[in-house]
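Dock chain U against the given chain V, drawing on the hints supplied.
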Amino acid sequence: MITAKNISKSFNDYLVLDDVSLEFKPGKCNLIIGQSGSGKTVLMKCLVGLLPVDSGEIYFDTRVISKLSFNEMKNIRQDIGMLFQGSALFDSMTVIQNVMFPLTMFSKMSNAEKLDRANFCLKRVNLQNVNKLFPSEISGGMKKRVAIARAISNNPRYLFCDEPNSGLDPKTANVIDILISEITQEYDITTIVNTHDMNSVIEIGDKIAFLNKGKLCWEGDKDEILHSENEILNDFVYSTELTRRLKSHP
Amino acid sequence: MRILSDIGKYILLLRRVIARPERTHIYKDQVFLEIENLGINSLGIVAIISIFMGAVVTIQTTFNIDNPLIPLYTVGFATRQSVILEFSPTIISLILAGKIGSQIASEIGTMRVTEQIDALEIMGINPASFLILPKIAAAMIINPIVIIISMFLSIFGGWLSGVVTGLCSSADFIYGIQYAFHPYDVMYALIKTIVFAFLITSISGFHGYYTEGGALEVGRSSTRAVVHSSIAIILANLILTQLLLA
Chain V
1 MITAKNISKS
11 FNDYLVLDDV
21 SLEFKPGKCN
31 LIIGQSGSGK
41 TVLMKCLVGL
51 LPVDSGEIYF
61 DTRVISKLSF
71 NEMKNIRQDI
81 GMLFQGSALF
91 DSMTVIQNVM
101 FPLTMFSKMS
111 NAEKLDRANF
121 CLKRVNLQNV
131 NKLFPSEISG
141 GMKKRVAIAR
151 AISNNPRYLF
161 CDEPNSGLDP
171 KTANVIDILI
181 SEITQEYDIT
191 TIVNTHDMNS
201 VIEIGDKIAF
211 LNKGKLCWEG
221 DKDEILHSEN
231 EILNDFVYST
241 ELTRRLKSHP
Chain U
251 MRILSDIGKY
261 ILLLRRVIAR
271 PERTHIYKDQ
281 VFLEIENLGI
291 NSLGIVAIIS
301 IFMGAVVTIQ
311 TTFNIDNPLI
321 PLYTVGFATR
331 QSVILEFSPT
341 IISLILAGKI
351 GSQIASEIGT
361 MRVTEQIDAL
371 EIMGINPASF
381 LILPKIAAAM
391 IINPIVIIIS
401 MFLSIFGGWL
411 SGVVTGLCSS
421 ADFIYGIQYA
431 FHPYDVMYAL
441 IKTIVFAFLI
451 TSISGFHGYY
461 TEGGALEVGR
471 SSTRAVVHSS
481 IAIILANLIL
491 TQLLLA
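For the record, the sequence lines run as chains V and U. Take the first sequence: its position 188, counting from 1, is numbered 188 in the working numbering, and each next residue is one higher. To convert, take the position in the second sequence, counting from 1, and add 250; that gives the working numbering.
Rather than coming from a laboratory, the hints here were simulated on the basis of the structure. Predicted, not measured: the structure shown is a model, and the values here were computed from it. Heads up, some of the hints might be wrong.
Computed far set for chain U versus chain V, every beta-carbon distance over 10 Å [to be verified]:
| id | residue |
| --- | --- |
| 1 | Met251 |
| 2 | Ile253 |
| 3 | Ile298 |
| 4 | Ile299 |
| 5 | Gln331 |
| 6 | Glu336 |
| 7 | Thr415 |
| 8 | Gly416 |
| 9 | Tyr425 |
| 10 | Val445 |
Cross-link-like lysine-lysine pairs, in silico, BS3-like; alpha carbons within 25 Å at most [as the list claims (entries may be wrong)]:
| id | chain 1 | residue 1 | chain 2 | residue 2 |
| --- | --- | --- | --- | --- |
| 11 | V | Lys74 | V | Lys114 |
| 12 | U | Lys259 | V | Lys67 |
| 13 | V | Lys74 | U | Lys278 |
| 14 | V | Lys74 | U | Lys259 |
| 15 | U | Lys278 | V | Lys132 |
Glycine included, each C-beta is placed from N, C-alpha and C at the ideal position.
The following block holds chain V by itself, in its conformation from the complex (with noise of 0.2 Å):
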């Protein structure tokens, strides 16, 4: 289990992150939400070391990883799969280059291995016949499903994912976020996801806490959510037309 206990974090004096506590569900969809700038990338940074806190711990089950050192948050690292907002996939190498990336790092696995590993994890995401293509020449959404390829390649038993929908269409929006609860299932990964998209908190969002101005506004699930008593979260839940109009018209 993902644990964090009273993080805070600061840029400059800026306090981005303000006593922080929650608790993540092992082998659900844990879902960040919140208005940008509310601090929900920041605060995955954090979770996965890539960002020091101020004050605060956090642990993966028993281990406080604010406290280690980077050799040693290298064995926590390979347990941990990211998406990242903008795909990271890495330029100069093909879409098959990628997958493999983190075997060919640390695995033991033959080089037939890891091509079939990398293969199948590209078939798991319905990605067929891009395999000698440049991340360059694919669109965002099969970049969005090479990287969840090459996250879930090194079978990680936690998968972050950062704004999975960013810059893609309502349709393939929603391609992604099937995949991700899919395979939070399949795996038994415990899977945390920022993002701002309503769809995707009803479609997979087993656990939800809800971030305003780097405070931790309010926890629950998606059937809670629709019907909170909080009005700082109804006026994110419900800023746009169309969600006014489902509450007023059920």
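Coordinates of chain U only, in the frame set by chain V:
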């Protein structure tokens, strides 16, 4: 104060760069790839500049020797000394600072702003070492070879211009380039080249690695990499010349 802070960050980054690689054979492959990127791909520009600079040094030296007591083979001798001691190791390194320095800073800087470096770190890879160490090793291996090629081409350019313009006979020029030759001069040039190669790649890698922001900052990092590498080369040239030739 900013310069002191940057020097401190640079030294701390170097500590991470020289850390033990995760998979040595992958780093070896990267080194060969970088030898091609940084060295082989620079041969064209180095060849053109070397031939023309050698030619100009020869012509200028000939025009400046107006005393009949000075033998004509001095032209070959002066061209050789200028090329081996200063032109090839220093000027070509400054040109390489512009070419490969900006290439390294913009490549690593773009990887930083597109979160590719974060992706490496998440996988448990030391990105500083993975991205910068092969470039440093490759430049320290290939740059001395590039500089030796530059020396030959410059002297060839000098010979060609002397003979074609009729300012100096082929025999005089060849005698001049053999006259009072000290192999240590070449050693001095190669030591300088290796130090300059380290400075260019590590400083450019540093600026790329700490890029923050977007496309504009990548451009700024690239410019800073070239300027700082060039200043470091000039300072190191002064220090090494004093240490090795005095």
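Status of the hints after comparison with the structure:
1. Met251: For methionine 251 of chain U, whose nearest Cβ neighbour in chain V is about 16 Å away, the distance exceeds 10 Å, so it holds.
2. Ile253: The claim holds: isoleucine 253 of chain U sits with its nearest Cβ about 20 Å from chain V, beyond 10 Å.
3. Ile298: For isoleucine 298 of chain U, whose nearest Cβ neighbour in chain V is about 28 Å away, the distance exceeds 10 Å, so it holds.
4. Ile299: holds (28 Å)
5. Gln331: Answer for glutamine 331 of chain U: holds, closest chain V Cβ roughly 42 Å.
6. Glu336: Holds, because the least Cβ-Cβ distance between glutamate 336 of chain U and chain V comes to about 36 Å, which exceeds 10 Å.
7. Thr415: holds (47 Å)
8. Gly416: The claim holds: glycine 416 of chain U sits with its nearest Cβ about 51 Å from chain V, beyond 10 Å.
9. Tyr425: Holds: least Cβ distance 50 Å, greater than 10 Å.
10. Val445: Since the minimum Cβ distance to chain V is about 29 Å, valine 445 of chain U lies beyond 10 Å and the statement holds.
11. V:Lys74 - V:Lys114: Roughly 21 Å separates the two Cα atoms, so the pair holds.
12. U:Lys259 - V:Lys67: It holds: about 22 Å lies between the C-alpha atoms, which stays within 25 Å.
13. V:Lys74 - U:Lys278: Roughly 22 Å separates the two Cα atoms, so the pair holds.
14. V:Lys74 - U:Lys259: Holds. Lysine 74 of chain V to lysine 259 of chain U sits at ~22 Å (cutoff 25 Å).
15. U:Lys278 - V:Lys132: holds (23 Å)
Checked against the numbered hints given earlier, the structure satisfies every one of them.
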